[in-house]
Amino acid sequence: MLSIKNLHASVEGEEILKGINLEIKAGEVHAIMGPNGSGKSTLSQVLAGNETFEVTQGEISLNGENLLDLETEERAREGIFLAFQYPVEIPGVSNLQFLRTAVNAMRTHRGETEMNAAEFMKLAKEVSKQVDLDPAFLKRGVNEGFSGGEKKRNEILQALLLQPKLAILDETDSGLDIDALQVVSKGVNALRAEDRAILMVTHYQRLLNHIVPDHVHVLAGGRIVKSGGRELALELEERGYGWLGVKDEEATPSAAS
Amino acid sequence: MATTDKEVNELIKREYEHGFVTDIEADTFEPGLNEDVIARLSAIKKEPEWMLEWRLKAYRRWLEMDEPDWAHVGYPKIDYNSISHYSAPKRKEDMPQSLDEVDPELLKTYEKLGIPLHEREKLAGVAVDAVFDSVSVATTFKEPLAKAGVIFCSISEAIQDYPELVKKYLGSVVPAGDNFFAGLNSAVFSDGTFVYVPKGVRCPMELSTYFRINAANTGQFERTLIIAEDSSYVSYLEGCTAPMRDENQLHAAVVELVALDDAQIKYSTVQNWYPGDENGKGGIFNFVTKRGAAIGKNSKISWTQVETGSAVTWKYPSCVLRGDNSVGEFYSVALTNNFQQADTGTKMIHLGKNTSSTIISKGISAGKSSNAYRGLVKFGPGAEGARNYTQCDSLLIGDRCGAHTFPYIESKNKSAIVEHEATTSKVSDEQMFLCRQRGIDPEQAVSMIVNGFCKEVFKELPMEFAVEAGKLLEVSLEGSVG
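Going line by line, the protein sequences match chains A and B. Numbered continuously in the working numbering, the first sequence closes out at residue 257. Numbered continuously in the working numbering, the second sequence closes out at residue 482.
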């Protein structure tokens, strides 16, 4: 489904990604782990088409289509979804209106009719339950005054509504207490499907106890330095990143939480 | 400004010459302003002697006044002697005969705003048979108004039919000597609206200039007078979201509102005149004086405005809160794009006891435009227990536009309370990225963010108008991203 070949990207002239190679098939869940500053978030942003980052070399394709030729919104309509690490607020724009606009943009792209306000309200209420969000949140401004956990749940709510082909979750576990982590994980697990791939970016292995990945990759210094199965994450928890010759500025991955 | 003095004056001249050449019956005056011109104007309108005297007095005052230059706008000096100060409504044969003859840009905007086809013709000034329209409209609004005793007519008719009311109130809120543009208007006002709501009457419908189709072409010096007697209520809607075809470059209107004891006046405006092209050429100069006098106790005057048009806007809808416990409100959205300039705000003059006022101003600047809020909150010595709340928010789109805030507060009463909040924000890259990542077009994203920013003001607008206003912002912001 997603194919990344020799991807190099830089920001303000500084190269962050230095040749990433990654293949993700439909139905798979991949986790990208790595110390701070390794380029994990950059990779998510580059996949989604954030123009702050410049792709200097390499290829990204989704089901054979060259993503680098597409604008951010076009990639989104092709099925790329990014759950943000720090979701921004859009004051005065109700969550409901924002979500309906997004869903209808996708529907229009697929040649389907737009959903009217009543139809969408019903759907959105339904999906809110899956992430334990009070439907009252739908009427509030996008992320306006939301707590950290509410923001993250709101991101998963969006993924569930938009039904992407590839969901990229950028540090979705950061800042969550254990209860919120369970709710978010439940939402992500509900996203798992035969025709959908999930790419999780995380610093800590604890998320992977709840959402069990098929593949784990370690990103360091802008390259994937090791790939493996579920057991790689457990090994990292035990031994840290040091044994891979990678310097982690923080304590061992399991120390937090 | 991209244009020079000479160019603008030539442009103004050209408009006039056009009228002069095609009009052998001379229903457009030669340029220039003097007492003779005013006398002729008054004679054409068959005005009584007192009205002519009033105009002449205003003219003499105006001659001694200077054009204000304190606003945060720049425009070439206007030569008032090069403008024709009276032009009769166009004759049918001079109007476009069908939509095919109308500027396609204008038509595109109508389409985007979803204006029904038959209304597009009217707005574009196509020579349609107005009889059908005015008859159908007349029956739908004239009857209930007459039954309620509400007078709703052109100011010219009012001068003929209700001279006592006009004499009593015209110039009572905005005197001829108030400011340069009000003085000019008082001398040469062409036409406008008159509304009178009798004691205890709640006007049964929203009144709108749009209903008065025949009077739609009121020209460049519009005059409006609204009087609400004791315990009455009226909501008045000025303008419409569709851009009006307009050939006058200078507009200097005066609006006066009078609210007596326990009366309420709600005045909503959508101003969408031609703003000039994306290079800053052309566009309307809109210099307006709007003021409401809350004379009676417990009276209330509420201004809501959505300003997206005109090249230069100079406008401060104000409230003089004379009656005890009277209330003044000002809700404003002013959007500027390309090379537009707006200097707008309000004045709340607290004179009575326990008077209160609220100011919510939302300024949006895009392109290379400049947008200024200018507001005065003043408490007289008698304004015991008066209070004001002001909130001024500016939103910037791009990095070549400007937003400015000039709040003035004067207090002669120690018990008065003033609260002022101001913010400036940008449509951030992060917000745009979030919207686009969810599949939303950049232009739609900007319009959504801007609409959210304006929500507090839009909710003051009559319901369907608010929806249209949202669409209008979208159209006005076109080309501001990318």
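FYI, nobody ran anything at the bench for these hints, they're computed from the structure. A portion of the hints provided could be inaccurate.
Once the Cα atoms are required to be at most 30 Å apart in a straight line, the calculated DSBU-like pairs of lysine-lysine come out as [to be verified]:
hint: 1; chain 1: B; residue 1: K108; chain 2: B; residue 2: K142
hint: 2; chain 1: A; residue 1: K139; chain 2: B; residue 2: K459
hint: 3; chain 1: B; residue 1: K368; chain 2: B; residue 2: K297
hint: 4; chain 1: B; residue 1: K378; chain 2: B; residue 2: K168
hint: 5; chain 1: A; residue 1: K122; chain 2: B; residue 2: K412
hint: 6; chain 1: B; residue 1: K45; chain 2: B; residue 2: K108
hint: 7; chain 1: B; residue 1: K471; chain 2: B; residue 2: K297
hint: 8; chain 1: A; residue 1: K122; chain 2: B; residue 2: K471
hint: 9; chain 1: B; residue 1: K455; chain 2: A; residue 2: K151
hint: 10; chain 1: A; residue 1: K139; chain 2: B; residue 2: K168
hint: 11; chain 1: A; residue 1: K25; chain 2: A; residue 2: K139
hint: 12; chain 1: B; residue 1: K455; chain 2: B; residue 2: K368
hint: 13; chain 1: A; residue 1: K139; chain 2: B; residue 2: K455
hint: 14; chain 1: B; residue 1: K57; chain 2: A; residue 2: K129
hint: 15; chain 1: A; residue 1: K151; chain 2: B; residue 2: K426
hint: 16; chain 1: A; residue 1: K122; chain 2: B; residue 2: K57
hint: 17; chain 1: B; residue 1: K471; chain 2: A; residue 2: K125
hint: 18; chain 1: B; residue 1: K57; chain 2: B; residue 2: K426
hint: 19; chain 1: B; residue 1: K57; chain 2: B; residue 2: K167
hint: 20; chain 1: A; residue 1: K125; chain 2: B; residue 2: K455
Evaluation of the provided hints:
Among the hinted pairs, K108 of chain B with K142 of chain B is inconsistent with the structure: their alpha-carbon atoms are about 33 Å apart, more than 30 Å. With a CA separation close to 15 Å, the supplied pair K139 of chain A and K459 of chain B stays within the 30 Å bound. Our distance criterion of 30 Å between C-alpha atoms is broken by K368 of chain B and K297 of chain B, whose separation comes to about 45 Å. Between K378 of chain B and K168 of chain B, the direct Cα distance comes to roughly 26 Å. Compliance with the 30 Å bound is thereby established for this hinted pair.
Note on K122 of chain A and K412 of chain B: the hinted pairing is violated, with a Cα-Cα distance of about 56 Å set against a maximum of 30 Å. Between K45 of chain B and K108 of chain B the CA atoms are separated by roughly 37 Å; this puts the pair beyond 30 Å, and the hint is violated. For the hint linking K471 of chain B to K297 of chain B, the alpha-carbon distance of about 38 Å lies beyond 30 Å, and the restraint is violated. Of the supplied pair hints, the one linking K122 of chain A and K471 of chain B holds, its CA atoms being roughly 26 Å apart against a limit of 30 Å.
With a C-alpha separation of about 22 Å, the suggested pair K455 of chain B and K151 of chain A falls inside the 30 Å cut-off, and the hint holds. Among the hinted pairs, K139 of chain A with K168 of chain B is inconsistent with the structure: their alpha-carbon atoms are about 50 Å apart, more than 30 Å. Of the pairs offered as hints, the one joining K25 of chain A and K139 of chain A is violated, with about 37 Å between alpha carbons and a cut-off of 30 Å exceeded. Restraint check for K455 of chain B and K368 of chain B: the C-alpha separation of about 24 Å stays at or below 30 Å, so the hint holds.
With a CA separation close to 13 Å, the supplied pair K139 of chain A and K455 of chain B stays within the 30 Å bound. With a CA separation close to 72 Å, the supplied pair K57 of chain B and K129 of chain A exceeds the 30 Å bound. This hinted pair checks out: K151 of chain A and K426 of chain B have alpha carbons roughly 21 Å apart, not beyond 30 Å. Annotation: proposed proximity of K122 of chain A to K57 of chain B is violated, straight-line Cα distance about 66 Å (limit 30 Å).
Taking the CA atoms of K471 of chain B and K125 of chain A, the gap is about 27 Å. The hint holds against a cut of 30 Å. The straight-line distance between the Cα atoms of K57 of chain B and K426 of chain B is roughly 49 Å, outside the 30 Å bound, and the hint therefore fails. Annotation: proposed proximity of K57 of chain B to K167 of chain B holds, straight-line Cα distance about 14 Å (limit 30 Å). Simply put, K125 of chain A and K455 of chain B have alpha-carbon atoms about 23 Å apart, close enough for the 30 Å limit, and the pair holds.
Checked against the numbered hints given earlier, the structure breaks hints 1, 3, 5, 6, 7, 10, 11, 14, 16, 18 and satisfies all the rest.
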